[in-house]
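Participant: Join the two chains, each given in its own frame, into one complex according to the hints.
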Amino acid sequence: MYREVRCIKVDEGSFTATDHAVVEEVAITLTVNGRTMMTAMASPDMVEEFIVGFLYTEQIIKSIDEIESIKREKNTVGVLTKNPFKVIGTKKIILSGCGGSSSFLDTRKLPHIASELAVTQDMIVQGLKQVMNSSLHRLTGGVHVIGLMTRNNPVRIAEDIGRHNALDKVIGFALKKGVDLSETFVVSSGRISSEMVRKCLVANIPIIVSRGATTTLAVDIAETTGLCIVGFARGGKMNIYTHPERIEGASATYAKTPNE
Amino acid sequence: MHEPPVKKNLYWCRHCHVPLLGRRCACGQEGVVIPLIEPYDVRPALKADIQLITSMLQERFGPIILPRILLLNKGGGIDRKDLILAHGDRFGWITFDPISRTSRLDITAEALPHILNSVTKGILDLEKTVSNPDDLGGRRIGGKRVKVETTEPDGTLIVKYRKRYGTGILRDGYVRIKELMPVTPVTMPNPNWDVAVEQNRFHLKNLERHAIRAIRQHMKDRPCVNVSFSGGKDSMAVMTIARKAGVQDAFFIDTGVEFPETIEFVRAQRVTIVPKGGDFWTAVEKAGPPGKDHRWCCKLLKLHPLKRYLASTGPCVTIQGNRWYESWNRADLDITSQNPANPLQLNISPIRNWRALEVFLYLRWQHIDYNPLYDRGIERIGCYVCPSMLESEYEELRTMHPELAGRWDAFLQRWAYDHGLPSEYARWGLWRWKELPPKMQELCRDHGIDLTQKTQSRKSQPQPVCETTTMENEEIRKAFPLLGDIIYLDSASTSLSPEPVLRAMMEFEHTYRSNVGRGVHRLAQIASQRYWHAHQKIARFIGADRGEVVFTRNSTEAINMVAQGLCWRPGDGIVTTVLEHHSNLLPWMRLRQKGVDVKIIGINAEYSLDLEGLEKAVTDRTRLVAVTHASNVLGVLTPVEEIARICHERGAFFLIDGAQSVPHLPTDVRKLGCDFLCFSGHKMLGPTGTGVLWMKEPILEPLLLGGGVIETVSEQEYVLTEGYQRYEAGTPNIAGGIGLGAAVDYLETIGMAQIRSHEQLLTERLVSGLRAIPKVKVYASDDPARRIGVVSFTIDGLEPHTIANMLDEEADIMVRSGHHCCMPLMQHLGLEKGTVRASLHVYNHEQDVDALIAAVGEIVRGM
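Which chain is which? The protein sequence lines are A and B, in order. All residue numbers for the first sequence refer to my numbering, where the first residue is 1 and numbers rise by one. All residue numbers for the second sequence refer to my numbering, where the first residue is 1001 and numbers rise by one.
Quick caveat, the hints were computed from the structure, so don't treat them as lab data. Among the hints, a few may not be true.
Calculated lysine-lysine pairs in the DSS-like style (CA-CA distance at most 27 Å, straight line) [to be verified]:
| hint | chain 1 | residue 1 | chain 2 | residue 2 |
| --- | --- | --- | --- | --- |
| 1 | B | K1537 | A | K82 |
| 2 | B | K1276 | B | K1302 |
| 3 | A | K74 | B | K1276 |
| 4 | B | K1128 | A | K62 |
| 5 | A | K176 | B | K1537 |
| 6 | B | K1696 | A | K74 |
| 7 | B | K1478 | A | K82 |
| 8 | A | K177 | B | K1439 |
| 9 | B | K1008 | B | K1205 |
| 10 | B | K1696 | A | K71 |
| 11 | B | K1144 | B | K1128 |
Computed spacing ranges between beta-carbons, pair by pair [unchecked claim]:
| hint | chain 1 | residue 1 | chain 2 | residue 2 | range |
| --- | --- | --- | --- | --- | --- |
| 12 | A | E245 | B | M1506 | 35 to 43 Å |
| 13 | A | N75 | B | E1474 | 46 to 54 Å |
| 14 | A | R72 | B | P1275 | 48 to 56 Å |
| 15 | B | A1605 | A | R72 | 48 to 56 Å |
Chain B stretches covered by chain A per the calculated footprint, using a threshold of three residues with CB under 8 Å from any CB of chain A [claimed, not checked]:
| hint | stretch |
| --- | --- |
| 16 | 1519 to 1525 |
| 17 | 1530 to 1540 |
Ideal Cβ placement from N, Cα and C applies to all residues, glycine included.
Same shape as in the complex, but just chain B (with noise of 0.2 Å):
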């Protein structure tokens, strides 16, 4: 790593009592050197800052008055250090102790001479106050540590003897002696900040023009050129010299966790707000606080906004105001720099060699308000819960937010709590580092305090999810806490279950578990009971006002039951389509064994079923036709209302397999017409292990025969029961048929019109997006009227399980590869290894359409 030639002194001006950016001072003196502390990075006293420092100073030792220009030197140590300059020299140190949470003031040698005019108390006359007069013989007392008798409270205090004065340290009625000299009071002018913009301003030109020169010099190396805007200081700077270089656009990415003040400060600038991307609260349930060595945060919060950011400009020069003095890691960066993780991206560090007290210099020269925050005592802007952040930093947070930190406090806690680590591992601040660096080690050694994690989980009750009955799509996601972190586009597979599902599902198990319909002791009938109830919802759901609902272990199951369930003879005919899943196919296939004729109907070019070719097919030794009311490949819907009546017509069956229909569209046997209506519980909400058949008649013969089903039972003969527990011998799935129920109400809450209208904005988005994608095929009807959310595509020259593994790797992004369970259809569409398929749900948004984009369009350029 090459050091970059940063500037380790502060210049100071003995003339015009004003820093210097350079050697010179505009009057012509050379400024005298000051030498600065790692990492060489000076910034202003900002407001906060001097009346920290001013009433510390005072309450210690009398109305001193610091001058107007005040200097600090940031340190490292184990939470803020800076080091104070005022008037060209070392002045003292202002440091934050995380345990006790208070600030501490200690001044320096130098510091004296200007401030013991004013100086009423606070001072140790050593000759007066010594126990004993004889430890101050000697030639140096210097570097001694005595017993004193005084009032004064322990730390840092000026020590007079005779004619000499310095600084030492009391404690426990003991002083230890810094130094003593002969000090001369001074009193040196004061001028403001304004003299220190004037006599600098040739540097500050020069700064100001290398920078745009950096910036002309690189800004077209992309097509397009944009800034990165955080609302901090070093963004502010660097936007308005970019923006004198002729750059116009700049973007802010909003991580959902940011101080009000900066949301506030960046919507008043010119400046595109990227809308946030997961959602910190629910990721952090599950990946724990982030650290300084475990920023996990950034690239959720961060990283992947701004991927979607990038996938709509394409490539580009981003400007930023990164610089060396900032941390120790950043000191080795260049001009232009390529992040990895964003191709599309060249970076550019104009202001990379400034320090804060440039960029300060050169707001305040150029009459630019920064983000207020800075003078609340907050050095570096960021996400408020930041593990970067100062504790000093955070104390300001619970002052000026406490709801948020409030809330933050909450989880670090419960954290601390389920995972037995000690309370101070929150009250401390120690959750800022996954491993604690040696100086934190020491510290919990000193304290003994123990941070080594004692259980996994003592899991103790997360926020409680509010269910709201506006639905909005935010609150939505909250109640699946999968999504915090990841996008999860395959819900034609599965879909998640919310909250209240899962909570239905525990209250069965926690608190009424049991057999349904055996047993007449109160929990059992609560269960069944409840069961039952589910049975009801179900029906209302689906609007079947007659027939019967019958819970099963999916679709594929409901289909078999049927096939089995009905009287089959050589010669009888069954139709069904290319589009089936094989759920929908196997079980009518395999009654080819029995003589049955089985006619599979294709499709045309739009995707769209050969009406025609059904209606010829359907005879009058048809006896059923099954056909899936959504296609699980190409999303396309079929015209299940015709078939009805041409089924009607010619005394058909008609069995639909709504397993991507009913999740998705309101549903109605009554309009749909059909016998039988075949689905899964799990992809509406509901738990896996979940299914319904509903039957119009009960003319099936049940499928299973066992316990539940009978009226009567004697050796000779059995009768069965009437309802749906004819069907569902056995002991069932209560708990999911318990939880399909509560599926049920919570999407009735949503609505299945508004859960319609929210996927197909979000389907028009998707297929147009990828649509525009060179290399990219999409399979999917055009009419939005007709399709529901799921979406194939392919891409050129990539296998579909290659570009599934790739967008899990670098993107996050869940969707499923191959041919779905549907190998007719794609040896009919000519694709033998099948494609990639995103399908939505309720809880997906934009951003995860907009991510899978601009994701696919990476896999796409880097080919």
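Bound-form chain A, shown alone (with noise of 0.2 Å):
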């Protein structure tokens, strides 16, 4: 997941030649049913559940158990759904990373939440060190961390240089262990955007939660949808930004009005 480069340590005016773990970024080409989807610049790990994860999140599959096979090859993942021939959605060229495109966002034809999930700020405390723990990212400071939980455990950790990528693959490894994702809520250690939150709503996911700023897109479209956005989760403090009464003890103070 990562190699060491050499680099020359520059401080206050010392250079020193070094040796520093930096992350490794792969391009993973993905068809289906034989036609070239999509490539993703990602860490080269997890890389069927990040394929389970994104066909998912992305409405190319309803379910796992439309893959017949997959097949990896050094950096093509070839995946055939069980008719092959059936017509799959519009070809979407994404080039993840921190500047991820977006695809096309209509709200009225996303997804809602269906879920009754709630969790305590404990949960999230406790879900933001699992994550924040993570090693690789604590060397090189190049990654995305991403954490699936239930209420009372942790699902799956992932890390990607590129948040989505990471989302995909929790999401990826849930599918396949049958998991039932609207008991589970994702902790990630970066923004959530409005590509963020499409992926949660499409995966059921109720509660997501980050270390940083949410947008007022993403906002906007939880609230409709039912999500709940937790941002600036750090220590004990936190900002819910929609549907407090998924967080315990919350709903009482929140103040909008339902029509702002």
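Facilitator: Given below as structure tokens:
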């Protein structure tokens, strides 16, 4: 996942040659039923989970049962669905990474959350701790970390140079294990964009938590669709931007009126 | 053909108003003669008949009441044609038109005295309705055709002229007057059938006594006696009589296409039900609809199960209810007869001279219920797809069981479509003959129907084979259409492939046929991935979590690849056994040319491998031990895990020939401990032209080099690729590989453990059944845990090829004969001519085993 790379360390005018751990980035090409679907720039682990999660959150498959086989060859992953001539949705070329391009967002077409899940502040704090504990993150400073949690346990932690990829990875893992995503919440080291929200909606994950900021578009979509966004979760503090009823103890203090 | 003394007339007592079985009534009167029509069978009209005739009569003529005693005399025609007898007169005709699907009633002049008083309509007063009164001039009006004005519907009606009455046929505004005569209305007494029974009691007693005597005369002609029961009235009568004669056993053969009412009725009697053999619905896809002149169905559905039953009873006397009067070709029935197809059986027909009237009267006299279908208008009880059934009866089936009729209709329509036949083929019942009789030919000519088959196969899709998850044997057999009309016991040679495997191959051909590992276009990608996936499936199937799974043409190629792929030096040793198929023997024997020492281990008296001998033979010069897991002649399993241990201790490779074992037992290469496993795809329900070589380490030099095996090539050198591709040079059998993957899926749905236990039960049944037949020697292990479903046998005095031929010709059973590519084994066993070999697979069932045992028994008896 990383390589030691020679570099010159500069410190107050002094120059030292040193080795630094640099995170790996590779191009992964996905073909579905023989047709190239996309090339993602990603970290080279949990590749199969990434592909499964991606296909699901991009709504190319409706269930993991649709996949007949996944074949990995160097940097290409070939997926066959059970009916290889099913018409796949419009092709997208996505360059992942922090500046990920957007897919077309129409909130009327996005699914709404169907879940009863509510969590405590403590669960969020614990979740975040586990996510920030990632050694790769600490070593290289170059990856995003996403954790998929249930109220009681972590389901999976995944790392990737792109946070969207990491999210696809944990979702793919959950699908392979048959985990009920409506009982889970996501903790992310990176910001919450509309793209992250969209993926959570398709996967029916009701809560997403981040150490960092969110965006207005993310908040608007989340409000309409029932997703709970929690940002700036550090130490014992956090900001709840939408659907506070999902955080125990929060809804009484929520002042916003429904029509604002 | 001698004419049996059939009664061509019905006697009627004018005093008691009942039919008579003899010339004289119990009251002393001699009966009047009512001539009958061929084939002279007469029966009481039952509930449905009475309802039909009454409703048609009343609709036409008004509130006419029919007498309780109504008789029907069956005649021949396009379809149903019965002469109605009432009050001792020929009352009218009831016919069914298969084209308009309607019944029609035509009354005769003899009916008029009985109905005239109640007639309110349907009567044409010629004086009032004739268009031209001059037409009625002249002396004789009978026979004339005159124009009339009337609102009466077309058809037979009553005509009246002045004081005379008759019948006429009205059509298109004209009436053809048949006759006109003075008619005096009469009202006859109306006795019920119990009176008829009473007045004929003497005759019924006589008939019964004669029948019992006939049975007693012949029932000891064979060691046992039974009654053949069909669920119909005749066998009901004969079973009653037989039981009075002291016969207990009766059997019913379930064809699988019986009326549900019949099955229920049979179950309520104390009768053995012989389960069905072939499957009609599968066989009919191949053979086409049966015809009155092409009754292939009786052979498959009745004869084969009958043979099985007879094999269990031994030689027997069978009492049947067949009668002269049933049809034209039953007329030469003798009291005893022998069917050449069933030498074990002597048939007695004790009621052969009874008419249906005698049978029904007898049953009524004895207070015995008959099959409820008779009261629904079914005159002849049989299979509901029988070509001899009338279209009028088929309409009853449509009402009673729309799902059964619907299924048959759907098949007929599809068959007609596929063979370029007009829809009338199905709709009018023309399918009931292979060659239409003159009457039907005329009908077709009249309507411009051309029944010559146009195209041979415009193949429509047959009913989708339902893919169940329960996978009961019945369901499994449906996936193998070949089994519709033959018994396949040669799976050790090659197995059959189920529909899902064939579909997978056709899907490849139809939708993504392309080469594998070559090309980036979508078809190539899909084909490559499916072909790769098939390798994964095989690996999982045999528990291979490491090593390479290589697709080959068959086991033989796989074994040769190992023999050629290792480097041999003089003095190297190979150990193999006398059980081996030539494919696991010759590749090693050829290495003797390179100075390799090849030792062949023998077997002991119970056919098990001489393990001690093998252990001694494996030295530190031994490089490879090659052993079959299961013998394709004796079915015996070898102690492979023990041999693996010996090989590991001595540092020798261990190759297992799994051709006969992998298709029938759960296989795990980790437990087996072998270095190489070779097996055949076509023996495990996969396509022909497929086989597998699994190797624990890819140490072999590939047999073939060429396209697909390389990383890089230059003019100076080449670098081989990794993975199975290294060993699969050139374009492989892609459809075959994909089909083999589908075969693995299919087997896993059933479960190899289930397959194993299913076959063990059948093998036990087969071995013990064959052992019980004199002159038969069976070559199999006695321990069910040490054998698979491969059973060799010989018959003293007959050569194996002859036996196999006879089994094919006489019993439609496919087996193998000869030395089975195991000549050294045959020499060891002293069997110069080899053996007959029956081999089982998941799609065989008990009936197959019983059929083989019965057939072998027959062959022995015939010697």
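Participant: Now, for every hint given, state plainly whether the structure supports it.
Facilitator: Outcome of the hint check:
1. Distance restraint check for B:K1537 and A:K82: the Cα-Cα separation of roughly 15 Å lies within the 27 Å cut-off, and the hinted pair is therefore satisfied.
2. About 8 Å separates the Cα atoms of B:K1276 and B:K1302, which keeps this hinted pair within 27 Å; it holds.
3. Of the supplied pair hints, the one linking A:K74 and B:K1276 is violated, its CA atoms being roughly 57 Å apart against a limit of 27 Å.
4. Under the criterion of a C-alpha separation no larger than 27 Å, the hint pairing B:K1128 with A:K62 is inconsistent with the structure, at around 81 Å.
5. A threshold of 27 Å between alpha carbons decides the hint, and for A:K176 with B:K1537 the separation of about 19 Å falls inside it, so the pair holds.
6. Proposed proximity of B:K1696 and A:K74 is supported: the alpha carbons are some 23 Å apart, at most 27 Å.
7. Taking the CA atoms of B:K1478 and A:K82, the gap is near 24 Å; set against the 27 Å cutoff, the hint holds.
8. Between A:K177 and B:K1439 the CA atoms are separated by roughly 71 Å; this puts the pair beyond 27 Å, and the hint is violated.
9. A C-alpha spacing of about 22 Å is found between B:K1008 and B:K1205, which places the hinted pair at or below 27 Å, so the restraint holds.
10. Restraint check: the Cα-Cα separation between B:K1696 and A:K71 comes to about 22 Å, which is no more than 27 Å; the hinted pair holds.
11. Proposed proximity of B:K1144 and B:K1128 is supported: the alpha carbons are some 17 Å apart, at most 27 Å.
12. With their beta carbons about 56 Å apart, A:E245 and B:M1506 fall outside the hinted range of 35 to 43 Å.
13. Checked against the hint of 46 to 54 Å, the pair A:N75 and B:E1474 passes, with Cβ atoms roughly 50 Å apart.
14. Take A:R72 and B:P1275: their Cβ atoms lie about 52 Å apart, and the range 48 to 56 Å holds.
15. A hinted range of 48 to 56 Å holds for the C-beta pair B:A1605 and A:R72, which are about 55 Å apart.
16. As drawn, the stretch 1519 to 1525 of chain B meets chain A at 5 residues by the rule of a beta-carbon pair under 8 Å; at three or more, the given contact holds.
17. Counting residues of the stretch 1530 to 1540 of chain B whose beta-carbon sits less than 8 Å from any beta-carbon of chain A gives 4, enough to reach three: the coverage restraint holds.
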